[in-house]
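In case it helps, full-length UniProt numbering puts the sequence shown at residues 1 to 128.
Where hints are given, some of them may not hold.
27 Å max Cα-Cα, derived DSSO-like pairs, lysine-lysine [what the hints assert, rightly or not]: (1) Lys60 <-> Lys73; (2) Lys73 <-> Lys87; (3) Lys60 <-> Lys71; (4) Lys60 <-> Lys87; (5) Lys71 <-> Lys87.
Source of the hints: derived by calculation from the structure; they are not laboratory data. The structure presented is a predicted model; accordingly, all values stated were derived computationally and were not measured.
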Amino acid sequence: MSTPTIGIIVCGQRFPRAGLQTTQHPVAHHLVGWSEEIASHAGFIFVTPQYEWGYPASIKNAIDYLFHEWKGKPGMIVSYGGHGGGKAAQQLCQVPQGLPMQPVEPLALWCFPQRSLWAEQPGERMRE
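All chains should be built: construct the whole structure from the sequences, respecting the hints.
Okay, here's the thing in structure tokens:
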């Protein structure tokens, strides 16, 4: 029986932790740009879909690459999904609290219960 190889790389970089500065470890070039971009903003709005009752791993990965750049900044969560995205938003709101960022309440949720809403032609009214 052969074991399949799965080429998923969630993170190819050591994560800085609360007690470490990012300059203490070699940092990939693309992370330097990400660090500079996040450090240049005063606050954030995280917009996420809800997939399988949670948020995508790519969002967690992008947040986890950094620490000091997020610290103390306000962060708001906007989520959307077939049931409004509430479960994804509730899960994701714990992440900025642990950085610690300053959470902005309330959570904003968009509900798209019918896929047919996306199938409309420009200028047409949405069906009920």
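These are the hints, each one checked on the structure:
With a CA separation close to 17 Å, the supplied pair Lys60 and Lys73 stays within the 27 Å bound. Proximity of Lys73 to Lys87 is assessed by CA-CA distance (about 23 Å); at most 27 Å being required, the pair is judged to hold. For a cut-off of 27 Å, the pair hint linking Lys60 to Lys71 stands: about 15 Å separates their Cα positions. Distance check on the hinted pair: Lys60 and Lys87 sit about 15 Å apart at the alpha-carbon level, within 27 Å; holds.
Taking the CA atoms of Lys71 and Lys87, the gap is near 24 Å; set against the 27 Å cutoff, the hint holds.
Checked against the numbered hints above, the structure breaks none of them.
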